Amino acid sequence: MNPELNQDLSLFHLIIHASLPVQLVMLLLLGASLLSWWFIFIKLFTLKRALRETDRFEREFWAGGDINVMYKRVSGQRETAGEMERIFAAGFSEFMKLRQQAGLSLNVIIDGTRRAMRATYQRELDNLESHLSFLATVGSVSPYVGLFGTVWGIMIAFLGLSSVAQATLAQVAPGIAEALIATAMGLFAAIPAVVGYNRYTHDIDRLSNRMESFMEEFSNILQRQTSKAA
Amino acid sequence: MNPPADTPFLARPAAPRLAAAAMALGVHAAFVLLLVFGVSWQTREAAPVMVDVWTSLPPSVAVKPPASTPPPPAPRPKPEPVRPLPPEPVVKTPPPPKAPDIALEQKKIEAERLKKQQVAEEKARAEAAKSAQQKQLAEQKKREQQRQVEEDEQVRRMADAEAAQAAQQASQAEARAAASRREAAVASVVGQFRDQISAKVRGNTRLPDNLVGNPEVRCLVRLLPTGEVQSVRVTRSSGNAAYDDAVVRAIEKSSPFPLPEDRDARAQFVPELSFVHRPKP
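Chains as they are written, first to last, in the working numbering: chain V, 32 to 261; chain Y, 2 to 282.
In short, the hints are calculated from the structure, not lab data. Since we're looking at a predicted model, the values are computed, not measured. Glycine included, each C-beta is placed from N, C-alpha and C at the ideal position. Incorrect hints may appear among the rest.
Going by beta-carbon spacing under 8 Å, a handful of chain V positions derived as facing chain Y [claimed, not checked]: (1) TRP68; (2) ILE73; (3) THR77; (4) ALA120.
Using the sequences and the hints, build the whole thing.
This is the structure:
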């Protein structure tokens, strides 16, 4: 029987016998896929934690406790504090320092406090958004990379076909199959990355809205207390 | 320079990187396993099959004449040992006792001698004839035996042929019986589905107000293999155009028709179905 008809088309066989550029593309895509899944899980845990901490802090803050006590607790656990707690601590410490300096107007004090809070907010947001650009890149580029591998593989398959007298489908079938694996891998890397990117961007947007609202509300509270005291 | 007291919170809780890496690897391993075991990557070519086309069933093996074993050689009768002919009796001619002076006596002796010789010759001839007869008899017996064997063989061959024919007839009868059973089953399925289709169409028919009696409409329905109605044509009108239209609409509305799975039964419906409809069953 014709040996080409009976070729073993197992997955590993196809990958091992692919041409070098296709193999490189596959390796690249495998790496991208692994990394993007890694980031997806890291972000999943980080965002879950951020959401939990934010919920907890908002409940505590609006429960009407003493702000000074809260500030002491937060600055005692600098490393494990949640995002909103950090913004609160940064704003409140700046506010205290500015208030101790004599001769500063209320506007200056509140502006300084807001700047401090905004700086922390930016830093936190940056931390939350880290690696998201990687997911976006994988999501948009890896299908093209896979497609490149496929086109290359099919090209090789058809070049091989040109040197035989009688062209049959069996001579190109393995080449096309191995080439298509590259596209499959590209899609496999891209789909979760895109889903993860969209999902996390949305989650981070909502978190950042909550933080901005908190910043505004907290500055209002500080302004009210200062004008009352003055 | 020492950092100022109000250093922002830069240290963060460490993200669970190892757990995330393990989970990412797990996802990939699961996917690879799914590919390896879930997708049949092997394409096995079916071995070529050689098919003999028979117009009728071949006789079963059991009644096949045993061509391989030659018939037992006819018991050849042992050739009878050729009996040695008895030696010719040597007739001693007694010497003339006396001087042949008496011619008469000599003549007499001579006659006697001749007679004796004749007798002996006769005897020998008889003996030879007897032996020849015996030989012939043995030969005849042998021939008889051979014929017997041949006859037996013929009888047996005839019996074999008869048995083969009987088996063939039996198998044909069985095939006929199976075919008739199948026809009956197909007919019952066809009837069942005809009833189902009628019921469905009837359920979708909106009878016009001016309908009188139980008029019959005959339609030719072209069906797709999926049971979908391709076209409807009224082949015999009921005389009431409104009713005809209502039936055609009902048939179109009843698409797809329920169709039997069975191929033969399905052939009664696809591609054309002659459909008779009455407003009441």
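To see whether the hints hold, each was checked on the structure:
no.	hint	result
1	TRP68	holds (4 Å)
2	ILE73	holds (4 Å)
3	THR77	holds (5 Å)
4	ALA120	holds (7 Å)
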